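As you go down the protein sequences, you meet chains Z and A in turn. The opening residue of the first sequence carries number 1 in UniProt numbering; numbering runs sequentially from there. The opening residue of the second sequence carries number 1 in UniProt numbering; numbering runs sequentially from there.
No lab work stands behind these hints: they were computed from the structure. Predicted model only: the values in this text are computed from it and were never measured. Heads up, some of the hints might be wrong.
Stated by the list, open to error - Quick list of the computed label-pair ranges, beta carbon to beta carbon:
1) A:A68 with Z:V180: 58 to 68 Å
2) A:M19 with Z:F26: 18 to 28 Å
3) A:A23 with Z:V218: 13 to 23 Å
To be verified - Each computed SDA-like pair below joins lysine to any residue, with the alpha-carbon atoms no more than 20 Å apart:
4) A:K41 with Z:D85
5) A:K41 with Z:V134
6) Z:K11 with Z:L209
7) A:K46 with Z:I49
8) A:K46 with Z:N53
9) A:K105 with A:I93
10) Z:K18 with A:A23
11) Z:K150 with Z:V134
12) Z:K87 with A:L33
13) A:K46 with Z:K150
The beta-carbon is built from N, C-alpha and C at its ideal position, and this holds for glycine as well.
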Amino acid sequence: MGRLVLAEGDKFAPPGVKDFFLPPIFGDVTKPMVLMVLSIVIISAFFLITSRNLKIVPTRWQFAAESVYDFGRNNIAREQIGSKDFKPFVPLILTLFTFVLVNNLYGIIPIIQFPTMARFGFPLAIAVLVVYPVYHYVGFKRHGFVGYLKHATVPPGAPTAIYFLLTPIEFLQKFVLNPVTLAIRVFAAMFAGHLILLVFTLGGEYLLLHAAGPLKPVSLVSWAFAIAMTFLEAFIQVLQAYIFALLSANYIGMALAEDH
Amino acid sequence: MVKSAAVLFLAEDAPSPVMPHIAEVILGLVAFLLLLFVISKFVAPKFEALYTERTEKIQGGIEKAEAAQKEAEAALQQYKAQLAEARAESARIRDDARAEAEQIKEELRAQAQAESARIVAQGQAQLQAQRAQIVAELRAELGRQAVELAGRIVGESLEDEARRRGTVDRFLADLDTVSAPAKR
Numbered sequence: 001m002g003r004l005v006l007a008e009g010d011k012f013a014p015p016g017v018k019d020f021f022l023p024p025i026f027g028d029v030t031k032p033m034v035l036m037v038l039s040i041v042i043i044s045a046f047f048l049i050t051s052r053n054l055k056i057v058p059t060r061w062q063f064a065a066e067s068v069y070d071f072g073r074n075n076i077a078r079e080q081i082g083s084k085d086f087k088p089f090v091p092l093i094l095t096l097f098t099f100v101l102v103n104n105l106y107g108i109i110p111i112i113q114f115p116t117m118a119r120f121g122f123p124l125a126i127a128v129l130v131v132y133p134v135y136h137y138v139g140f141k142r143h144g145f146v147g148y149l150k151h152a153t154v155p156p157g158a159p160t161a162i163y164f165l166l167t168p169i170e171f172l173q174k175f176v177l178n179p180v181t182l183a184i185r186v187f188a189a190m191f192a193g194h195l196i197l198l199v200f201t202l203g204g205e206y207l208l209l210h211a212a213g214p215l216k217p218v219s220l221v222s223w224a225f226a227i228a229m230t231f232l233e234a235f236i237q238v239l240q241a242y243i244f245a246l247l248s249a250n251y252i253g254m255a256l257a258e259d260h
Numbered sequence: 001m002v003k004s005a006a007v008l009f010l011a012e013d014a015p016s017p018v019m020p021h022i023a024e025v026i027l028g029l030v031a032f033l034l035l036l037f038v039i040s041k042f043v044a045p046k047f048e049a050l051y052t053e054r055t056e057k058i059q060g061g062i063e064k065a066e067a068a069q070k071e072a073e074a075a076l077q078q079y080k081a082q083l084a085e086a087r088a089e090s091a092r093i094r095d096d097a098r099a100e101a102e103q104i105k106e107e108l109r110a111q112a113q114a115e116s117a118r119i120v121a122q123g124q125a126q127l128q129a130q131r132a133q134i135v136a137e138l139r140a141e142l143g144r145q146a147v148e149l150a151g152r153i154v155g156e157s158l159e160d161e162a163r164r165r166g167t168v169d170r171f172l173a174d175l176d177t178v179s180a181p182a183k184r
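Just chain A, with the same shape it has in the complex (with noise of 0.2 Å):
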């Protein structure tokens, strides 16, 4: 059987399949191009044309999403400077204020102690002159007391002649400058 078919195999009178046949090749060529006619002109273009225009969407929202960042970045950007400024002025303002304050209270301080000195020289100078009111009233008063006494002791009138001789003035003198000491 399968010598049979090879036999009918051989022997069939078909033509030599590689042998191509002139219409086929024309048609194959005129079909073909056609074809190509078609795609090159009607369909290649629009999705290139799709593909451009998708590619510019995807790019543009790209782009304006980076835009708004950008921008976001700048507004940050700005209102930290501006709230660094805010507390530089802040902390300015507290400085100069603590400056005044100790200012302030220097001032008060000094005027307060020159009151005070004022004062206290005011007193002082008042206390010695009274003082030295005193002493004088009292140095009068002991020296005629004295005399006096003296007078009566010694029982005639010593005035004259102690106002003569000095004596009373200069014994007070030399009391004074004994007791001065103990003045102070």
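So here's chain Z without its partners, still in its complex pose (with noise of 0.2 Å):
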């Protein structure tokens, strides 16, 4: 990235989309692609070891994995399914949280520093084809055909006038704007976010080496502030992958409730 900065010379490139469009590695293999094959890795090794030899008085690690297998299962799939129905559920909403949350840590771990779920095809694959279709297919299968779409567009308890407003914006937000908006919800605050530490990193950098004499110190004051972008950033990241699964729980427990 400061490769660019030195190109433009004494002209600053602010950093932008085509920062996003990392160069392929070999072939066509990109470095998000690279980082969601080991996102995988990371979580499977995670949880396959922890949970080799699981004991009643858990030890250190198997605490750690107990934590965040509890977090999934008991903070958002419970939570939001219901005691009653969300016991099949777990393993998707811990997929989808612990996926999402290395994904997005990527952006400010040394090195890595790319959060993968800035490209918008990962969440968009995870949102529209595993999310979206898991929810209406168990809620065709709870309800039937015509009682789920009922169930889905015609909440009750309204007016019969306001059904004619109401039963197209649920339709449309049930069955195109939800998986729509959870992809983007995530893709865009990650893109935002490492945009904008970019800006200040790179705004610092520029600053020291190409900004007239008595302002090159200010490169520190941008460069503290991506410092505490980063702190921002982190607690960004987990908010989002918390997001991400609790909607993803939120939609399927909608389409199970028996009425709402």
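Work from the hints to combine the two standalone chains into their complex.
This is the structure we're talking about:
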């Protein structure tokens, strides 16, 4: 990235969309693709190793794995889906949470420093091709075809006239917007966060290398902001992973709910 | 500088960030499904089994403690019942003993009373008999003496006549009636 700044000479080239299109490492394989594969290796290894020898009284690593598992199981899945139906969805919710979490956290890990979810294809794939079919499938299975359409688009308790407005909105939301917004939410947060970090880091670098003498120390301010933003990013990355899993569980819970 | 930067930004021939790469969509999906498979096949069942085991263990412990408590309570009840029974038994025995003692005392008293009454009666009877005997003796003696004295005074034997008239006897009978209250 410094390369870009240097190439522009004394003109500051602000980081932009181009910084998210990294050159392929080999063939058509890009850095996000490698990171994506790495993420499932990391998560699988973490859970497989820690769950190899589970004990009633947990060891330290087992406790860590249990905390993550419990968080996905109890705080997200059971809260949103309800204690009656949540069991079969625990693996899905846990996978969503850890998958998005690790791919987000890449953004602040030194050297890796690229949130994979800032590539729209990845969140889109799991939101539209996994979460979307799953919650509609369980909804249709639970309520029947017509029953589920009615369940999803005609919420009870509104005056009749309202339904002319409410039903199309509900339909649009359940069948079109929910999965797309789910993907966009995490993508946009990661994209913007990475861009902010780039701006402060590259800005500081530019100030140090190319600004007039007295302005050079200002680069420290820029880097201080970059560090502060890194902490903020860490928070947002965890939060977005939580929200992604939470909303997915919420959609499943709503599709399964007896009445709402 | 700001203007040139903006121009530069716009001039960049970068593709739209919201146009997903098909390769990434496919890779993301495959990677996710792979991870989902691993977690739902190898990870989640282990944790769920652990939770079940843990729940059972805790529940088992609680149940065991409850059973032990129940047993202890039953034993306590039994001991209490036995103690109460023993107390009742001892009270009953004590009452019986007291009643028996009372009865024995009563019997003894009655016996003693009867005995004393018998002794008194016997004594009285004896006294009565002695007295009667003495009175009879005295009466005979007195009659004889009186007649003898009278005979001496009169100078002749009045025995036959006195016997005839029963004078002495009559006198003595009179004497008896007069002195009877004094005797008692």
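Going down the list of hints, with the structure as the test:
1. A:A68 with Z:V180: 58 to 68 Å: holds, 60 Å
2. A:M19 with Z:F26: 18 to 28 Å: Between M19 (chain A) and F26 (chain Z), where Cβ atoms are some 23 Å apart, the hint holds.
3. A:A23 with Z:V218: 13 to 23 Å: violated, 41 Å
4. A:K41 with Z:D85: With a Cα-Cα distance of about 19 Å, the restraint between K41 (chain A) and D85 (chain Z) holds, given a limit of 20 Å.
5. A:K41 with Z:V134: Cα-Cα ~18 Å, so holds.
6. Z:K11 with Z:L209: Answer holds: K11 (chain Z) to L209 (chain Z) is near 11 Å, not above 20 Å.
7. A:K46 with Z:I49: Answer holds: K46 (chain A) to I49 (chain Z) is near 12 Å, not above 20 Å.
8. A:K46 with Z:N53: Distance ~9 Å between K46 (chain A) and N53 (chain Z) Cα, so the pair holds.
9. A:K105 with A:I93: Holds, at about 18 Å.
10. Z:K18 with A:A23: Since the Cα atoms of K18 (chain Z) and A23 (chain A) sit roughly 18 Å apart, the hinted pair holds (cutoff 20 Å).
11. Z:K150 with Z:V134: Holds, at roughly 18 Å.
12. Z:K87 with A:L33: holds, 18 Å
13. A:K46 with Z:K150: This hinted pair is violated, its Cα atoms lying about 38 Å apart.
Comparing the model with each earlier hint shows violations of hints 3 and 13; every other hint is respected.
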